[in-house]
Amino acid sequence: MEKTKLPTGESLYRKHLPNGLTCFVLPKPGFLRTYAVLSTHYGSLDSKFRLPDGSTWDVPAGIAHFLEHKLFEEEDGNAFQRFAAWGASVNAFTSYTQTSYLFSTTDEWKDCLLQLIDFVNNPHLTEENVEKEKGIIVQELQMYADHPSHRIHSQLLETMYHAHPVRLDIGGTVDSVQSITVDDLLRCYDTFYQPANMALAVVGDVHPGETLQLIQAHYPPWNRSEGSFERLYPREPREVAADWVEQELPISQPRYLLGFKHEPLWQGDDLIRQQIMMSIGVRLIAGRSSASYGELYEANLITDSFGASFNVHPGYAYTVIGSETPDPQALHDALFGIICRFKDNPVSEADVERLKRQLYGAYLASFESFEYTANRLIAHHFNQTPYHHYLPLLKGVTADDVQSALLTQLDWERATVSIVRPVQDND
Amino acid sequence: MKFTLREIGPGVRLHLCETDKFKSLTCKAFIQQDLKLKEATSTGLLPLLLRRGSQRFPTTLHIARELEDLYAAEFGSDILKIGERQILEFYFQMVDPSLLPEGARQVKRGIETFWEIAAHPAGGPDRFVDSFFDQEKQTLEQDLKGLVNDKRSYALARATALMCQGEPFAIYKYGDLDTLQHLENSDVYHHYQRLLSAYPMDIFCIGSNLTSLVDLLESLLPPRQEPVELEPAQGVKVLEPKFLEETMDLQQAVLVMGYRTNCTYLDEDYYALLVANGILGGFAHSKLFVNVREKASLAYYVGSSIEGAKGLLTITAGISGDTQDQALEIIQQQIHALQAGQITPEELYQTKRGLISAMTSVNDNPAGVIDRNLIGIVHGQMRTVDQVVEALHRVQHEDCVRVMDRVQLDTVYTLRPGPKEGADHGEN
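These protein sequence lines map, in sequence, to chains A and B.
If you read the first sequence in this note's numbering, its first letter stands for residue 1, the second for the next number, and so on.
If you read the second sequence in this note's numbering, its first letter stands for residue 1, the second for the next number, and so on.
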C-alpha cells in the first residue's frame, strides 16, 4: 500500500492487487457519502485490436458504450434494484478511453462496493436483451443529435481527422448500434474487462487498509481470456482532413468552433506539463481576464459561451476555441488576428503568474469533488501520467514556455472550422 | 450542518454554518420577490449586468483578474424560480483560507470582492453604464430566443406556459421579449436598488472561522427599509386537460405531461407526494423507468419531478416521434396504478431510502446544504435535514395513494420531429 500526501492535507492510498487491479482509496473523515468507481481502460477508441492468439478484430462503433448499458442487465431484473435496497444511486459512463461504473451512497457502502464489483464481473447477455437495448440506445443517440453543442463538436472532429476513431461519436451511429451482436459484445468484454486493464477508486469516510482488504478478498477470479492485447489504430495523417464545415440546425443563432490538430507526442510528465502550458495559453485567448475576450465581446462577436480547451491523451490531441456568434466569419478573422499577435508580442509574466495562482487554487478546490477526484486518479493511471507531479510542474512553467507552446500548437495549417447555422426559413 | 440565524438588518437574515469539513468558504445571498412580468425581465437582466463590471472592478477583465488573484475564487449570479417567487441569487466560493498564504487577509478581501460585484455595479449615480445596458439587453434577447437550443428545456418551458396561462407561474424566470424591448436603464437600476434595500434577503455562509465575517457583512449592507410583503403561489383547479403538439426539424420527440398535485410544501401530505413521485418516476427502480424504458424500450430518459411551491408534477420523456401514443398510454397506466394502490413494499421502502439518502448527502456539499433551504425560505418555514428525514420515514402506503388521488392531469405537450415549426391543438 503506497501513501501520498495531498496538498489539501489529505492522504491518498494506492495498491496494485495480485490479480492486476489497481486500487485508490481517498479517506474523507466526517463525510456521509461514499463514492466508488470501477473503470476499464476501454472506450470508444478501442474498436480494432489484436488478441494474444494473433487474431485481429475490427468491431462496429459503439460497443464500449453498448456494454456499459448491458452490464446492468441481470438474469432477474437489473443492477439498479440491488442498489435501490440501500437507497444508493448507481450509474455509468463511457468516454473515448474508458468505461466507468459508479455508485454513491450514505448507507452500507461495503455492500454497495461488493455489488458494484459483482455486477461488472457478471455479464448477462442474450439475443433478446441485446435487441431490446438497441431501442434505448438509439433514443440516447438521437437525444445527443438534437444538442447543438454536441453536433458542432462531432462535426469538427469528423472533419479534422481522416481515420482516427476520435472522429466518431462515443455511442456509435444508429446503423453501427443496430449491427452489434452478442458475440461482438462478449469478445470485447473478455478482452478489456480483465482486472489488469481496470482500476477502482473509493472516496469517503473509509479505512484504507480495510477497504483494500475487502476488495482483494471479494474481487472474483478472472476465468476469461487473459494476456496482453494490442490496441490498433489507423495511421492518421498530420494534416486535417478538411479545413471548413457547416450545417444547418433548428437553433437561434450561429455557433463557431475552431479546432487545431496536434501531434500526440507527450507521455508522462511532459503530457501534464503540456496540459498546464496550454491551459494557461487558452486562458490568455479566451479567458474572462484576457484582453481579447473584452475586445470580442464589445464588438458583439462572442457571447458568454466563448471558451477554449486543450484536449490531450497519449493517442490524440487537439485544441478548440468557440462561441455562439452572430457572425462566424468575422469572429474567425478576429481570432486569426488575436492568435497571430502571440508571434510578435511576448506573453506577460504577470498574466502567467496570476493564471498559475488560479490553477493552484482550482487544483486545491478540485479535491472537494469526490467524483472528479476519483475519475481523475483513474484517468491518470490509464494514461500513465503522475498526478502528484502537477503542482511542481505548475511551479516550473514560465511565460516563455506558454508562448512557445501556443506558437507551436496553434498552427493555422492544421486548423478546422466547424459552424452550425440556424435553418433558413423560406416562408 | 446546523445554521445559526441572526437578523442583521430589516428583512436581512444571515445564516452561518461553522465547519472545517470543507476545503472552501461558500457564500450565497438570495433576494426574493413576487413573480411579475415587468419586474421579472428587469431582474433577469441583473446577472448579465453585474458580470460586466463594478465600481472598483470596472470591466469583466478586472473582475476576472481579481478572482484569479484570489486563487480561483468564483463569483456567480443567476435567477431562480420557486413557485411564484423570482429569486436573484449571488454566489461566492473560494479555497478555505487555512490552505492559502495570508489566509485571514484573503478571506476579508474575498468577502469584500463578493459584495462589491453583487451590490456596486459599474455606472451611477442612477444608471448602469449605458453601453453595458444596451449590450446586455441584446444578450438577454439572445438568451430568451436561445431557449429553443435545448429541446428538453424548451419543451418544458412551452408546456409550463400553456399549462399555467394567466397565472404568474407561466412567466419564464428570465422574463420575456416584449417587456425587454421597452426596458429603460434607469428603471432597471431603480428596480435593482429596491431589491437590495427593501426585499427579503437571506445570506448563507459555510466555512471555518465565520464569526469574523458577521461584522464585515453587516458593514457592507446598504441602508434597509421595511421589507416588502410577498404573496403565496396560486392554486388552480383543472377543468379539462389541454393538448398541444408542435413540430421542428428534430431527431427525437420530447413528451411533457403536467399535473396539478393540489399539494404544496405546507400541506401535511407533502412528503407523501415526494415519495409517490419517487415511486412514479424519481429513480431507476421507478415505475416509469422500468415500464417505459426497460420493458418497452421507448425512451432513454423518462422521469417525473415535483415543484413543491406551486404544487406541480411534471413528467418528461425523450421518445421516437411515432411511439407517442404508446408512451402516453404506458405513462397513464403508471399513474392509475399508483392511484389504485399498486405499490409494492419494496417500491415504498426503496423510494423512501433513496430520498432519505439524497437528503442526508446534501450535508456533504456546501452549495447543496444552502440550496435545500430555499423552498423553506419561500414558505417562511425552514426545516432541518433531520425533520425532513423523519417526515419521509413516516410516509405509509395509504398516504401515497391518498395524495396521488388529488393529482389531476392538466396538460400534455409534445415537441415532435416534423417539417416545420407550427402548433396544432388536438382534441384529446
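One should not assume that every hint holds.
[As the list claims (entries may be wrong)] Pairs of lysine-lysine, DSS-like flavour, derived with a Cα cap of 25 Å:
#  : chain 1 : residue 1 : chain 2 : residue 2
1  : A       : Lys-3     : A       : Lys-134
2  : B       : Lys-2     : A       : Lys-134
3  : B       : Lys-145   : B       : Lys-237
4  : A       : Lys-134   : A       : Lys-48
5  : B       : Lys-81    : B       : Lys-295
6  : B       : Lys-173   : A       : Lys-110
7  : A       : Lys-28    : A       : Lys-15
8  : B       : Lys-108   : B       : Lys-38
9  : B       : Lys-242   : A       : Lys-28
10 : B       : Lys-2     : B       : Lys-137
11 : B       : Lys-36    : B       : Lys-145
12 : B       : Lys-237   : A       : Lys-132
13 : B       : Lys-108   : B       : Lys-242
14 : B       : Lys-108   : B       : Lys-137
15 : B       : Lys-237   : B       : Lys-173
16 : A       : Lys-110   : A       : Lys-15
17 : B       : Lys-38    : B       : Lys-2
18 : A       : Lys-3     : B       : Lys-38
19 : B       : Lys-145   : A       : Lys-5
20 : A       : Lys-28    : B       : Lys-2
21 : A       : Lys-5     : A       : Lys-15
[What the hints assert, rightly or not] Stretch by stretch, here's where chain A covers chain B in the computed footprint (C-beta under 8 Å, at least three residues):
#  : segment
22 : 282 to 288
23 : 356 to 363
Hints were generated in silico from the structure; no laboratory data involved.
Please read these numbers as outputs of a predicted model, since none were measured by experiment.
Idealized CB from N, CA, C, for every residue including glycine.
Against the structure, the hints come out as follows:
no.	hint	result
1	A:Lys-3 x A:Lys-134	44 Å, violated
2	B:Lys-2 x A:Lys-134	48 Å, violated
3	B:Lys-145 x B:Lys-237	31 Å, violated
4	A:Lys-134 x A:Lys-48	22 Å, holds
5	B:Lys-81 x B:Lys-295	35 Å, violated
6	B:Lys-173 x A:Lys-110	43 Å, violated
7	A:Lys-28 x A:Lys-15	18 Å, holds
8	B:Lys-108 x B:Lys-38	37 Å, violated
9	B:Lys-242 x A:Lys-28	51 Å, violated
10	B:Lys-2 x B:Lys-137	41 Å, violated
11	B:Lys-36 x B:Lys-145	20 Å, holds
12	B:Lys-237 x A:Lys-132	41 Å, violated
13	B:Lys-108 x B:Lys-242	55 Å, violated
14	B:Lys-108 x B:Lys-137	33 Å, violated
15	B:Lys-237 x B:Lys-173	23 Å, holds
16	A:Lys-110 x A:Lys-15	18 Å, holds
17	B:Lys-38 x B:Lys-2	37 Å, violated
18	A:Lys-3 x B:Lys-38	59 Å, violated
19	B:Lys-145 x A:Lys-5	50 Å, violated
20	A:Lys-28 x B:Lys-2	20 Å, holds
21	A:Lys-5 x A:Lys-15	15 Å, holds
22	282 to 288	holds (count 3)
23	356 to 363	holds (count 6)
Consistency note: the structure conflicts with the earlier hints numbered 1, 2, 3, 5, 6, 8, 9, 10, 12, 13, 14, 17, 18 and 19.
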